[in-house]
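Counting in this note's numbering, the sequence shown runs from 2 upward without gaps.
Among the hints, erroneous ones may be present.
[Stated by the list, open to error] Below are the BS3-like pairs computed for lysine-lysine, each with C-alpha atoms no more than 30 Å apart in a straight line: (1) K211 with K134; (2) K230 with K294; (3) K211 with K317; (4) K230 with K211; (5) K262 with K317; (6) K211 with K266; (7) K195 with K266; (8) K126 with K211; (9) K134 with K317; (10) K230 with K272; (11) K195 with K134; (12) K174 with K211.
[To be verified] Estimated spans, in silico, between C-beta atoms of each pair: (13) M321 with E241: 11 to 21 Å; (14) C304 with I116: 45 to 55 Å; (15) S117 with K272: 46 to 56 Å; (16) Y313 with D280: 31 to 41 Å; (17) L253 with E139: 22 to 32 Å; (18) V292 with G263: 46 to 56 Å; (19) R269 with R298: 18 to 28 Å.
Calculated directly from the structure, the hints in this document are not laboratory data. If you're wondering where the values come from, they're calculated on a predicted model, not measured in any experiment. Using N, Cα and C, we set each Cβ at its ideal position, and we do this for glycine too.
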Amino acid sequence: MALLQGANPLTRGPHVEADFSPSAPAPRLGFVSFGASRLEPGSGSLGLSVGPGERSSFPAPIRAVNETRAAHINGRADGAQDRLPDTVKYSSWHIFWETRNRFQIITYGENLDQISPVGNSANIKWHQCSVGKLDRQELLQQKGCVIWITGLSGSGKSTVACALSRALHSRGKLTFVLDGDNVRHGLNRDLSFKAEDRAENIRRIGEVAKLFSDAGVICIASLISPYRKDRAACRALLPEGDFIEVFMDVPLQVCEARDPKGLYKLARSGKIKGFTGIDDPYEPPLDCEIVLKQTERDCASPCDMAEQVISYLEEKGYLMA
2 MALLQGANPL TRGPHVEADF SPSAPAPRLG FVSFGASRLE PGSGSLGLSV GPGERSSFPA
62 PIRAVNETRA AHINGRADGA QDRLPDTVKY SSWHIFWETR NRFQIITYGE NLDQISPVGN
122 SANIKWHQCS VGKLDRQELL QQKGCVIWIT GLSGSGKSTV ACALSRALHS RGKLTFVLDG
182 DNVRHGLNRD LSFKAEDRAE NIRRIGEVAK LFSDAGVICI ASLISPYRKD RAACRALLPE
242 GDFIEVFMDV PLQVCEARDP KGLYKLARSG KIKGFTGIDD PYEPPLDCEI VLKQTERDCA
302 SPCDMAEQVI SYLEEKGYLM A
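Build out the structure end to end from the sequences listed, making use of the hints.
Dropping the structure here:
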């Protein structure tokens, strides 16, 4: 494995030492395997160029680390840009030390593996951009994340989502609400409420929420999302900690008494089939980040519940870059 520790000069082969000083020329490599490596603050930049047709294999993450941040070439971490394959062909790539004590990864050059299949799509490739999540977060002075509000129909998900968005907006923070019904007006208008379509509805919203998070936006997703496996799949799309599950813990009888859309009445009369809580199950979270509990006698206001979520965001550092 390579040892990248500010030595001089670059040698060719399975063990490599590189000069990290600002004046060091970008070393050229052939077939080289790199293991986990450490860059110290103030170490300048490292540029690695791979000749055409030559392959660089990264069996372990190449890492830039200081006191608070880490960036991985393959794999994700705080400060990392988008995931790259474990083995890639690149004409060049670059790691550089940035201001404000953080590292950033930029990839340059053509990906020589031009196309690959992803799901049912063929002949596509990932295009890497030099403006990453850290740049967008610094611009917005906040950290992108997904606040996933789940619960029964009538539990107050949409109301809390809007109250939370308004409260964060008043603090100068950029949010966007993905409401389950609203998304079905456009992006998911082709989906029904059959089990497979409900799963696809949640998958699509999870992917869109991830894009908002990558943009540095605090995305608030508000939908029933009754099954744990679907919520877990959305959580898995994001780096650890960036998926914040909020459970509206409201008894069925309270939700049914509210019945703001008249859906429980239709479900009880048999006019709606597969309605969550009536003839379809709701699986409450087992390890969510926040529980907003309400009972018939104890019901906090939407603004108070929004403040509970904001307290969590402040504690975890999401309201600053």
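- Task: Compare the distance between the alpha carbons of K195 and K266 with 30 Å, and conclude whether the hinted pair is satisfied.
- Result: Judged against 30 Å, a Cα distance of about 20 Å means the pair holds.
- Return holds or violated for the Cβ distance of S117 and K272 against the range 46 to 56 Å. holds (47 Å)
- Task: Please work out if K174 and K211 have their alpha carbons no farther apart than 30 Å.
- Result: Holds - the C-alpha atoms of K211 and K174 are around 17 Å apart, at most 30 Å.
- Query: Given the proposed pairing of K195 with K134, does the C-alpha separation stay at or below 30 Å?
  - Reply: Roughly 36 Å separates the two Cα atoms, so the pair is violated.
- Query: Would the pair K134 and K317 pass a check requiring their Cα atoms to be no farther apart than 30 Å?
  - Reply: holds (18 Å)
- Item | Hinted pair K230 and K211, Cα distance within 30 Å | At roughly 17 Å apart (the allowed maximum being 30 Å), K211 and K230 satisfy the hint.
- Task: For the pair supplied as a hint, K211 and K134, confirm whether the alpha-carbon distance does not exceed 30 Å.
- Result: holds (11 Å)
- Okay, Y313 versus D280 on CB: inside 31 to 41 Å? Since the Cβ atoms of Y313 and D280 sit about 34 Å apart, the hinted range of 31 to 41 Å holds.
- Item | Cβ distance range 18 to 28 Å for R269 and R298, holds or violated | holds (24 Å)
- Message: Range first: 45 to 55 Å. Now tell me if the beta carbons of C304 and I116 are that far apart.
- Response: Holds - the Cβ-Cβ distance for C304 and I116, about 51 Å, lies within 45 to 55 Å.
- Given the hint of 46 to 56 Å, check if V292 and G263 actually sit that far apart at their C-beta atoms. This hint is violated: roughly 28 Å between Cβ atoms.
- Item | Pairwise hint evaluation, K272 against K230, where the allowed Cα distance is 30 Å at most | holds (28 Å)
The structure fails to meet hints 5, 6, 11, 17 and 18 from the earlier list, while all remaining hints are met.
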